[in-house]
Amino acid sequence: RKEVEQDPGPFNVPEGATVAFNCTYSNSASQSFFWYRQDCRKEPKLLMSVYSSGNEDGRFTAQLNRASQYISLLIRDSKLSDSATYLCVVIILTGGGNKLTFGTGTQLKVEL
Amino acid sequence: DAGVTQSPTHLIKTRGQQVTLRCSPKSGHDTVSWYQQALGQGPQFIFQYYEEEERQRGNFPDRFSGHQFPNYSSELNVNALLLGDSALYLCASSFYQGVGGYTFGSGTRLTVV
Numbered sequence: 037r038k039e040v041e042q043d044p045g046p047f048n049v050p051e052g053a054t055v056a057f058n059c060t061y062s063n064s065a066s067q068s069f070f071w072y073r074q075d076c077r078k079e080p081k082l083l084m085s086v087y088s089s090g091n092e093d094g095r096f097t098a099q100l101n102r103a104s105q106y107i108s109l110l111i112r113d114s115k116l117s118d119s120a121t122y123l124c125v126v127i128i129l130t131g132g133g134n135k136l137t138f139g140t141g142t143q144l145k146v147e148l
Numbered sequence: 392d393a394g395v396t397q398s399p400t401h402l403i404k405t406r407g408q409q410v411t412l413r414c415s416p417k418s419g420h421d422t423v424s425w426y427q428q429a430l431g432q433g434p435q436f437i438f439q440y441y442e443e444e445e446r447q448r449g450n451f452p453d454r455f456s457g458h459q460f461p462n463y464s465s466e467l468n469v470n471a472l473l474l475g476d477s478a479l480y481l482c483a484s485s486f487y488q489g490v491g492g493y494t495f496g497s498g499t500r501l502t503v504v
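For the record, the sequence lines run as chains P and Z. Residue 146 in the working numbering sits at position 110 of the first sequence, with consecutive numbering throughout. Residue 492 in the working numbering sits at position 101 of the second sequence, with consecutive numbering throughout.
Since the hints were made in silico from the structure, they are not lab data. This structure is a prediction, so every number in the text was calculated from the model and none was measured. Any given hint might turn out to be false.
Said to hold, decoys possible - The list that follows gives simulated cross-link-like pairs (lysine-lysine, DSS-like), each with its CA atoms no further than 30 angstroms apart:
hint : chain 1 : residue 1 : chain 2 : residue 2
1    : P       : K78       : Z       : K404
2    : P       : K81       : P       : K115
3    : P       : K115      : P       : K145
4    : P       : K38       : P       : K81
5    : Z       : K417      : Z       : K404
6    : P       : K81       : P       : K145
7    : P       : K115      : Z       : K404
8    : P       : K145      : P       : K38
9    : P       : K78       : P       : K38
10   : Z       : K404      : P       : K81
11   : P       : K115      : P       : K78
12   : Z       : K404      : P       : K145
In isolation and in its complexed conformation, chain Z is listed as follows (with noise of 0.2 angstroms):
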């Protein structure tokens, strides 16, 4: 039973560029999180997609982008990236919004210079 699994781990980017971040749920989960975490801080929440849809979105600019597909799985994209986007991406599953519980993936490791 594969858990959550994310893509790429880590990646440097230059300021101003785009990345798109990958994640595959566990199975038999529906619902994709996603979470941003700097140095020394917790994770920070950044939105949640549920049913193709984001539901939910924390306090983070519209730089910050994403999308569910039909297979579960979501992708997080950053637009003109800061030296400030640089942290952990974290994505966790869930089944119906959070019932049950959520897991984490490993995370990807984004720095921007």
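Only chain P is shown next, with the shape it has when bound in the complex (with noise of 0.2 angstroms):
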């Protein structure tokens, strides 16, 4: 089973939808959770945190289920440039220091 776990899509949706991401993490110890955003042939870069209280940065909801190990990411009001592969990472404190695991990406697809 994989450390992190994402439906890969495509989820292909109008412009203005609401769409909704999930993401399941296996290892207990996870310490702290991201939503990254990739897009094509480009480097992941920080989208935001995710915590238990759930958290809101504009059009986009990120929210934290520990009991159920369960990620998820809501955006509303969907634009052409969200178009992107979304990643969920969780990061887990070892001896060694943290390390980040991703998941393996949500592509979404925002169409006129």
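Once you've looked at the hints, go ahead and assemble the two chains, each given alone in its own frame, into the complex.
Structural data, given as structure tokens:
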């Protein structure tokens, strides 16, 4: 079983739609959680951190459920510029420091 | 304030050859991690360097080795290249093994033929 699992998509949605991505992680020692965005042939860039209390940044809302080991990202009023791959990332703290563990990524295509 | 810089941006090598990829961390960062991203996959952790030592290692064979220099820059070396080593190699820098988050470089795209 992969440490971080995501539905690879693609999710094809019309502009203005609301879309939700889910992610599950297997290691209960996971400490920190993030969503990264990766455009085609570019490096991943931090979109937002994820907290149990939930957090919102404009049109983006992230949520963590530690009991179910589940992370979500909600995008409201989708824009064409939101088209990208969204990577779920978990940090596991070990004796040697932190390690980022990525999911496969979920591809989003926003269409006119 | 320079971000993470990687060189070269693209590279084509033949099976069996050796390759060295380079990374300069963001100013103020002292930790460098390397990731391999195959097409259609998420980045896979290779190893992390802090204080010139390999601190953590992912599930990669010994053909993958690295080094960190006193100025915090880092190299990734891959020996005896296989076709399956073709991927985007990403370097990420951070402060003190991840405190404050990670910044990624734009990567080196390696093609093995």
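_Which numbered hints fail_ = Hint check: 7 and 12 fail, others pass.
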